[in-house]
Amino acid sequence: MAGISVNRANLIRTIGLGAAAVALLASCTDSRTQIRIVGSSTVFPFTTVVAENFSRNNPEYLAPIVEATGTGGGIKLFCDGVGSRFPDVANASRRMKPGELADCQKNGAKDIVEIKIGIDGVVLVQGKKGAPFNLTLRDVYAALAAEPFGKKQTAKTWKDVNPALPATRIEVIGPPPTSGTRDAFNELYMVGGCDTDPAMKALKKTDESRHKEICNKIREDGAYVEAGENDNLIVQKLGTNPTAIGVLGFSFLERNMDTIRDVPIDGVPATYQTISDFSYPASRPLFIYVKAQHVHAIRGLREFLDEYTSERAWGPGGYLQRRGLVPAPDDVRAENRARAEALTPLTKGDLE
Amino acid sequence: MTDRLSTLDAVTPTVWSSPQMQARIRRRYRQERLFKYTGIAALALAAGFLLFLMTSVISDGWTSFKQTEISVPVVFDPVRLGVTAEQAKADPTLLRRANFPGVLADSVAKAHGDEVEIVSDGGWLALREAVEADPALIGKTVPMWVIATSNIDQLAKGRIDLDADEGDRPVNDAEVAAWKRLEAKGDIRTVLNTTFLTSADSVDPELAGIWGALKGSFLTAIITLLISFPVGVLAAIYLEEFAPKNRWTDLIEVSINNLAAVPSIIFGLLGLAVFLNTMNMPRSAPVVGGLTLALMTLPVIVIASRAAIKAVPPSIRDAALGIGASPVQVVTHHVLPLALPGMLTGTILGMARALGETAPLLMIGMRAFLTSVPQGFTQPATALPVQIFIWSDNVSRGFVEKTSGAIIVLLLFLLMINSLAIYLRNRFEVRW
Numbered sequence: 001m002a003g004i005s006v007n008r009a010n011l012i013r014t015i016g017l018g019a020a021a022v023a024l025l026a027s028c029t030d031s032r033t034q035i036r037i038v039g040s041s042t043v044f045p046f047t048t049v050v051a052e053n054f055s056r057n058n059p060e061y062l063a064p065i066v067e068a069t070g071t072g073g074g075i076k077l078f079c080d081g082v083g084s085r086f087p088d089v090a091n092a093s094r095r096m097k098p099g100e101l102a103d104c105q106k107n108g109a110k111d112i113v114e115i116k117i118g119i120d121g122v123v124l125v126q127g128k129k130g131a132p133f134n135l136t137l138r139d140v141y142a143a144l145a146a147e148p149f150g151k152k153q154t155a156k157t158w159k160d161v162n163p164a165l166p167a168t169r170i171e172v173i174g175p176p177p178t179s180g181t182r183d184a185f186n187e188l189y190m191v192g193g194c195d196t197d198p199a200m201k202a203l204k205k206t207d208e209s210r211h212k213e214i215c216n217k218i219r220e221d222g223a224y225v226e227a228g229e230n231d232n233l234i235v236q237k238l239g240t241n242p243t244a245i246g247v248l249g250f251s252f253l254e255r256n257m258d259t260i261r262d263v264p265i266d267g268v269p270a271t272y273q274t275i276s277d278f279s280y281p282a283s284r285p286l287f288i289y290v291k292a293q294h295v296h297a298i299r300g301l302r303e304f305l306d307e308y309t310s311e312r313a314w315g316p317g318g319y320l321q322r323r324g325l326v327p328a329p330d331d332v333r334a335e336n337r338a339r340a341e342a343l344t345p346l347t348k349g350d351l352e
Numbered sequence: 001m002t003d004r005l006s007t008l009d010a011v012t013p014t015v016w017s018s019p020q021m022q023a024r025i026r027r028r029y030r031q032e033r034l035f036k037y038t039g040i041a042a043l044a045l046a047a048g049f050l051l052f053l054m055t056s057v058i059s060d061g062w063t064s065f066k067q068t069e070i071s072v073p074v075v076f077d078p079v080r081l082g083v084t085a086e087q088a089k090a091d092p093t094l095l096r097r098a099n100f101p102g103v104l105a106d107s108v109a110k111a112h113g114d115e116v117e118i119v120s121d122g123g124w125l126a127l128r129e130a131v132e133a134d135p136a137l138i139g140k141t142v143p144m145w146v147i148a149t150s151n152i153d154q155l156a157k158g159r160i161d162l163d164a165d166e167g168d169r170p171v172n173d174a175e176v177a178a179w180k181r182l183e184a185k186g187d188i189r190t191v192l193n194t195t196f197l198t199s200a201d202s203v204d205p206e207l208a209g210i211w212g213a214l215k216g217s218f219l220t221a222i223i224t225l226l227i228s229f230p231v232g233v234l235a236a237i238y239l240e241e242f243a244p245k246n247r248w249t250d251l252i253e254v255s256i257n258n259l260a261a262v263p264s265i266i267f268g269l270l271g272l273a274v275f276l277n278t279m280n281m282p283r284s285a286p287v288v289g290g291l292t293l294a295l296m297t298l299p300v301i302v303i304a305s306r307a308a309i310k311a312v313p314p315s316i317r318d319a320a321l322g323i324g325a326s327p328v329q330v331v332t333h334h335v336l337p338l339a340l341p342g343m344l345t346g347t348i349l350g351m352a353r354a355l356g357e358t359a360p361l362l363m364i365g366m367r368a369f370l371t372s373v374p375q376g377f378t379q380p381a382t383a384l385p386v387q388i389f390i391w392s393d394n395v396s397r398g399f400v401e402k403t404s405g406a407i408i409v410l411l412l413f414l415l416m417i418n419s420l421a422i423y424l425r426n427r428f429e430v431r432w
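Protein chains in written order, with the UniProt record's numbering: chain A, 1 to 352; chain B, 1 to 432.
Bound-form chain A, shown alone (with noise of 0.2 Å):
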């Protein structure tokens, strides 16, 4: 009798000990010590350069963490609290909402600063060989959409769509879905060509999900093309095809001017100038979001907002631009330079 209460006290502290190790690993929640970013998935290609950026120039900090969790999403988690379990910045490739500011500010974090890091151009270009189209973003919508506001789509050449078009055939070559350019083109042009029908808007808010499928949807049987992954590609088969639409970044056509130009949209020319006062219907602004509270206690935070809103990162010929980001106007750039120093927190009448 002995030997089995020796071993099942044995038994019985084995599974102790096994338990108190789970419980010691939970409790190991200590204090952050590197920046947590979350957000967009437009917006981490270039959070996560100006990252690797800080975390070379500044060998002092721990590496920030950079996660891609779409914008919503990102700005949820974000406004879930203040303290080192939540995030301290938010990516977003919109404006946050006023009702996502009062989440924020119900749990606590008080103090958003909003900066406004530059302009995403998603533009329409076509072969300089071509004769010069001009095209408006209903245009874009009625010829690609697989259903054009609910109806069967039926068109073949872009004199179907809108008569004073050439009756040349729809061939419009674009980025796969899994590209952050075709959720731009999606918004921008699909949704932006869908939404001039009242009827569309109306149906917005009755039937959301309705509204989505129409405007969002893009046909399948061969007017659109996905180019895969290589640009160049795109620029190379629009030299050869004189009559194909190539949707692309602001910063491609930029740097093949000498093959390709713009396919104005509703008669404003996609230029450098027009993409930054967002009068090119196509282009948006990007931002991130700080918790001011958490730039006071997360080392390195302040460093890291230095980073992004210095001129070799975001400005004209910055490293951002070399990866497709437009830079915003001077005086944009120094407005928000100057909040991101001063930590001008956002206030509600300034989303509406």
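Derived from the structure by calculation, the hints contain no laboratory data.
All figures in this text were calculated on a predicted structure; none of them were measured in a lab.
Note that CB positions come from ideal geometry on N, CA and C, so glycine has one too.
One or more hints might be untrue.
For lysine-lysine, the following DSSO-like pairs were computed, each having C-alpha atoms within a straight-line distance of at most 30 Å [claimed, not checked]:
(1) A:Lys-110 to A:Lys-151
(2) A:Lys-237 to B:Lys-180
(3) A:Lys-237 to B:Lys-110
(4) A:Lys-159 to A:Lys-129
(5) A:Lys-97 to A:Lys-156
If the Cβ cut is set under 10 Å, some of the chain A residues that face chain B in the computed set are [what the hints assert, rightly or not]:
(6) Arg-36
(7) Ile-37
(8) Phe-44
(9) Ala-51
(10) Gln-321
(11) Arg-323
(12) Leu-343
(13) Thr-344
Using the hints, position chain B against chain A.
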């Protein structure tokens, strides 16, 4: 009687020489051959798929273990650097802010021209390391090997089809010309890619490494094993040897079998809800990944361990009980050692599945961009399969070979763990 025999004879001839019997025998042999060939064909098909996978992964990935470097006579100009040798000796932290990128850019432009970028964005890090080791280098000109850009790297590895038109390949003619000039001068070399083997992720393929993800996987696997193996084995022993057979134990058995078939993403959601949201454990940490994967692996280990315990002959238990051993002694002295090899096999299978798992790790934030190698169980980390997933998504051409390189590392890691487990199994194997 004779009548009946003769009629049977006529209906079912069992005489070997009869044509009906011969036909039946031929048919039987044919069926056996057919069965054998189907088996061989199945094996050949499986081997073919494996061979295809291995050749494509290895042919794409083996170059990721090599790296291209460019020889640059680096002029450590104190003025351009903003730090003199004396200042650097007095306060080494000054070197952190020194203008090494500018120094490298000037030196490269002087030696090789500046029409195209040939050295990596992070190439200057080697300069800083060198000066930190020896501040006296400031003011001198030192020949150094600097990491090339991904495009030059791909050219040097012969991964670019030079016959294609300029627009059809990812590098332009100027880069090709620069590479050819470097080759002619002998200022370019290909060496073992220590960056890939020792560093973590990067936005530049030439600076990206697998060590961060490998270590993350390793830390995660340790937690998974530490939790799921003892808990799984104890649960199996209790259920097999001690638990009464009633409705409750039946219910538990059904639940365990059910859990083993639940998709892994569900365990990810569970981990997110329990470990992150309720227990407030750190996001992206290997400890959370390990716990989540342990939940996923547990049912597999319990089922395999129960099967192993069942396979121990009852005569051994009876004999031990017969000479006066207590039930716990029977288990710890006899059943457990005999069942251990089978339990280890189940654990290997469970761990292999856990190591290759991506979905649950995405839910708990182990899909982060990390440029530093994780230093502990609570530090943010990523895992090998997640790293493969992230790289395969990357648009940069240089990441194609890195993806395959990471797959090779993952396969080697699995092979290593499996061999260890097989060795342990053979050591404990007892025959009776």
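Results of checking the hints against the structure:
1. A:Lys-110 to A:Lys-151: At roughly 47 Å apart (the allowed maximum being 30 Å), Lys-151 of chain A and Lys-110 of chain A break the hint.
2. A:Lys-237 to B:Lys-180: Between Lys-237 of chain A and Lys-180 of chain B the Cα gap is close to 27 Å, so the pair holds against 30 Å.
3. A:Lys-237 to B:Lys-110: Roughly 37 Å between the alpha carbons, so the hint for Lys-237 of chain A and Lys-110 of chain B is violated.
4. A:Lys-159 to A:Lys-129: holds, 20 Å
5. A:Lys-97 to A:Lys-156: violated, 40 Å
6. Arg-36: Holds. Min distance 8 Å.
7. Ile-37: For Ile-37 of chain A, the interface hint holds, since the closest Cβ of chain B sits about 9 Å away, which is under 10 Å.
8. Phe-44: holds, 7 Å
9. Ala-51: holds, 7 Å
10. Gln-321: violated, 14 Å
11. Arg-323: holds, 8 Å
12. Leu-343: violated, 23 Å
13. Thr-344: For Thr-344 of chain A, the interface hint is violated, since the closest Cβ of chain B sits about 27 Å away, which is over 10 Å.
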